[in-house]
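A.B. asks: For reference, the chains in residue letters:
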Amino acid sequence: MKRILLSITFLISALFVRAQNEFPSQLVEVDWEATEVVIPPSPFQFQVLFIGGEDMVQTGVNEEVPAKQWHDFIGFTPLSAEDCVLDENAIGWVSVNHEMILSDDKIGDGGGMTTFLLGRQPSNDELYIISQELSDGRSGDFFNVDFSAVGETGMNCGGINSNVDGRIWTAEEWFRSDNESIFNGGNGVRDTTDYTIKYTEFEMANFQTIPKYKNFNWMVEIDPRTAKAVRKQYNWGRQPFEGGTVAEDNKTVYMGADATPGFFTKFVADVEGDFTEGTTYVYKHDAAGDPWVEIDNSDFSKMLEFKAEAVAVNATMFNRLEWVTTNKNNGKIYMTETGRDNPSDSWEDEAAEGGVYAPHHIQRAMDQGATGPDDENYWDYYGRVLEYDPATGEVTIYLEGGPYFEESPALGDYPSKHLSNPDGLNMLYVNVAGEDKTYMLINEDLNGTSYGRTPLEYPDDRMCEMYILDMETENPTVDDIIRLTQTPRGAEITGACATKDGKSVLVNSQHPDGANPFPYNNSLTFAITGFDDSGAIETLSAPDFQDAPADSFMIYPNPTERIVYFNKVTDIALYDTSGKRVKVYRNVKSIDITGLTTGVYLLKNKEGDAKKLIVK
Amino acid sequence: MKTDNILIFGSLLFTFLAIFGSRPSSQSSYYTNKAIGDINRKFQQDLALFTESTAHFYEIVEEFRQGKSGKKRMTSAYNNLRRSFKQIEFIVEYLDSEAFNKTLNGAPLPKLEQKVADLTILEPKGLQVIDELMGGDLEEKDRGDLSEIASKLMQDTRKIERYLALRTITDRQFFEAARLAVIRMATLGVTGFDTPGTKQGILDVYTVLSTQQVYFELYEPELKQVGKTECLQRFKQVVQIGMKRAKDEDFDTFNRLKFTKEVVNPLYALIKEIHLGLDYETIDEVSRFPLAFNYMSDHIFEKDFLNKFYFVSIPEDEHFDSIEALGKLLFYDPVLSKNNDMACATCHSPDKAFTDGLVTSKSNSGKDLKRNAQTLNYAGYSSAFFHDLGTKRLEDQFEHVVLSKDEFNSSYAEILKKLMGSKTYTTLFKNAFPNQVETIASNNVDYALAAYVMKLSSFDNPVDLYFQGLKTSLPIEVERGYNLFTGKANCATCHFTPLYSGLVPPLFTETEAEVLGVPNFKTEPWVLDDDLGRLGNGVTQEVAYFYEAAFKTPTIRNIDITAPYMHNGVFESLEEVMDFYNKGGGVGLGIKLDHQTLSSDPLNLTETEVADIITFMKHLTDKTIFEAPSSLPKDFEQPFLNTRNLVK
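Listed in order, the protein sequences are those of chains L and R. Here the first sequence stands for residues 0 to 615, numbered as in numbering that gives the first Met the number 0. Here the second sequence stands for residues 0 to 647, numbered as in numbering that gives the first Met the number 0.
Keep in mind the hints are simulated off the structure, nothing from the lab. Remember, predicted model here, so these are calculated numbers, not experimental data. Certain hints may be false.
As the list claims (entries may be wrong) - Within a straight-line C-alpha distance of at most 30 Å, the following computed DSSO-like cross-link-like pairs (lysine-lysine) qualify: (1) K404/R - K366/R; (2) K366/R - K331/L; (3) K579/L - K227/R.
Stated by the list, open to error - Calculated from the model, a selection of chain L residues having no Cβ within reach of chain R, i.e. all distances over 12 Å: (4) L78; (5) V163; (6) Y194; (7) T195; (8) E220; (9) G433; (10) P475.
Virtual Cβ for every residue (Gly too), placed ideally from N, Cα, C.
Work out the full structure, taking the sequences as your base and the hints as a guide.
C.D. replies: Dropping the structure here:
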């Protein structure tokens, strides 16, 4: 009798549970019934290539130490006909920046770079690192780039990877204004004696003696084959450089500076491929005729004080320019303007001295009801991607960051659609089943978590994401970008660089959270391979459920490895095979099931519809 | 028997039908018909009211500045502003803690702008700055500052309102936010942290509690449906006790110990009880990323209130105990140092709460090192390590000791080579890290030591036991001492409860450093110690004048057995430490230092008060005694290693 009572109580309480909550924490196991759409597993492969603090770099003959951390820029230098490499599967050299200033007896003080040679298994497209013996006698897998001949380096952030021939420049970004800051109590660059520039191609710079810190913040060319620095580009100005790109003519270089104000710079070489002689310009959108104003690079003092020169010619001011890239199909230049929350204090002095605000900032300020970009109420939380068209000389907004939710993206598409503080930027050219495709790769580096830059649903999320955009999209918005990957918690995702064959994208996870499991608690370089597989990129984007009736419930794909999409915005609960509720998602159009153990789950929406979901 | 089964089966079937069968009539009804619909509406209304009151406050402040209205009118406008703020604070902080701290209610100290490629100082703004000014004498210059900050608050609030007006929160989020409100009230409210000038944190308690009551009453119909209205009754009773205390007592008389025991802890538990009672999902079902505190704990002095795995990269899995056991051996094993004569325990001895009792620790050659050895108890709950916060995770701080010429003077390669020579060690490593190719990887040593340090938190001192209900009362001196520590003496505005360390509530994710003006010797003439502190920590992104002489705020748990004190061990006794604080730190003693973060005003603590605080601190010694292992592995291939001695 007692048991009967018990079950009656259960019955009654179960009724109440239904009345109260559409997702009771315990479900009775039933024969889950659902129509399944089965798709082939994702064609993408994932590989970790280079772990900071763990992989050893060859600093001398039979001498190796753990690599530095803080991986940032990645350059890829494809193997050319002149290169003599024994391994026939070799595809090219990878160069990785270390964005830091740290003393190291072996690697060298300051920042630095690491290079290695990559091969690809023809059978399965897997990448691997090829051991090399360099001309200086070093042998092994990873090599630190020797900057001793150019007076050391530091805070190697972005850089330039020439589309034309894979030449590499590293950008010394964090702008320094005294020796103390690079010395950093002996933890940084320990030799802070004055530096005398000698034996360079730059006559105006030779035998100039400058304070050590002024030998930083240049673009520096390196040779990944010998793992040696080649030259500092004393003719491009001393700036907080972040990125740049070499145009198809192999003469014009466009560069961005990460500062508020940051200036857009151009260098045009006299002779193709020789960047030691030519003319340097700064962008001024409202200049009569040509928007490029020359800054005399034969005057070394002007190169040292580039910002003052730019302000003096009333150049256009941007809010932290980051990476710059070219679309080789149409010659247009793209650059990320990552933004700074409240920039007014940072550029009002330069504006008073004559610098002019980029027109889109004046417009944005007006739209916000602020008096101008120098109004302390003017905000720039999310940043954007800009486009420069050499044909018209105009810089316009190509892709505005967000969300502010008033227009885009739709609430239900957030957070899978959002873009905040874009930083790394590159192009991926790939032939997919006979069709040439061009994609833009966009990396986030969040300036913060406020105002919806990270999903509100997860209180401790600090995720940086990488997006991919089909360049055939006209007037793209955040709705058009597809989430490709994200780095481990706390990390900046950066470096995104395609191999020449378009099969792989190399990505850096920089300064991740220490609380991630090894190796994801270190900066590391990883590769995603499979972009040439037909249908690969489509698997990343939301499916078109077309005219699915509003009262139907459709999910796709199933089984899944990561994302499941729905035909409408709803609340979702997942139950495991014991009937226990394991996950709840509110107000979503898709869910990311990363981290769930593989197996069968019951997926139930708030309308009460249930589907069986297989997690692979 | 058979009937039973049929009945059970029947009820199961019915449950199934009840769950699957019916569909809510409308898709959006969920957010409108239930409590959460009203919660969202109320929050939006209150947010709009707060925005209005910032405008009103600014208007009155402007009038005051121009001499058109008096201080009384302004004080009343300020109280009104605080009241409306305390009604929305918990949800705003929950939804956007970054914007909240940057603009609405951050500490009144300059900070460096994060994630920019330069060093830009952000001047403080928001309500705490306003409160400091409101608590001062409001001379001409202050009036201008007050007006400027009030204007900024109005503008910033508008931005936050504009963003949050488009958001809705779920039940889970509401309950989490409500618990944050309780933590904030207990740690930052009643201590005066939130109201550095006016000290009206007790008045705020009244608003916070009454706000929670109004919100929770919205759950009454839902609780009724599941037959749990009784939870709400208990909730209201506790709130009433708290509101009465807030009404009857003021900052100096407020009994924080009783308040924590009778109001804070039960309320914190009741929110979870209501949340789980209604069967709404919890954070563990939603986010892969654990928070720094465990949602399932019942109160803030519970043993597992904080989540020790939040702060490290060591995963919480079945291998942890083996890793920790290995760490325990390594910690006492001098094999880690070049000459096999120094171990972690050399400077961190278990019988002194893992300190060494020295002014500053001794190097491997017997000379004085720069700083005093810190306790390792509770050290794992921290976002940065060493006195200068130079290392950002527990696993990494060991590297410094290994490589330092004055300490272990060794390298990972050398250590691994030695350890590989012992069968016992290789087996222990293999068992602790079964999923890796190498027998021993260098980060394994770091992980093992970190795991051992994570274990050194027992939360069983008499005050903990009192809050945990394992001890019915505390001596009256301890009660007075606790109330002074968290009140008049201003200790808990930096040594935050429950760790009494610089780990900042309510999120417990960041460890703070303070500038106290600690002298080099405890004699006149007073001279500031020349240690640069945080400014010299080698972190490129932490270079700012206000980090000079800033040192980590350590836990004061076990303080009775960790003398001498301060980063340089300058004070021998707690009496000396208290005297230093009572006089207003270095600046109070006459040292010239522009950016001391400790108030230079004397605390005016009487002798009895000082004695009470010390008695309280002496009751923070843990009951648990951590023992060194009885012996070390002696099966090294190199015979001389087998003669080394265990260090205690």
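A.B. asks: Now tell me, hint by hint, if it's right for this structure.
C.D. replies: Tested hints:
1. K404/R - K366/R: holds, 12 Å
2. K366/R - K331/L: Violated, because 64 Å separates the two Cα atoms, which is more than 30 Å.
3. K579/L - K227/R: holds, 22 Å
4. L78: Label holds. Min Cβ-Cβ 30 Å, cutoff 12 Å.
5. V163: At roughly 28 Å from the nearest Cβ of chain R, V163/L sits farther out than 12 Å, so the non-interface label holds.
6. Y194: holds, 20 Å
7. T195: holds, 26 Å
8. E220: Nearest chain R Cβ is 22 Å from E220/L, so the label holds.
9. G433: holds, 40 Å
10. P475: Given that every Cβ of chain R is farther than 12 Å from that of P475/L, nearest at about 23 Å, it holds.
Hint compliance for this structure: hint 2 is the single one not met.
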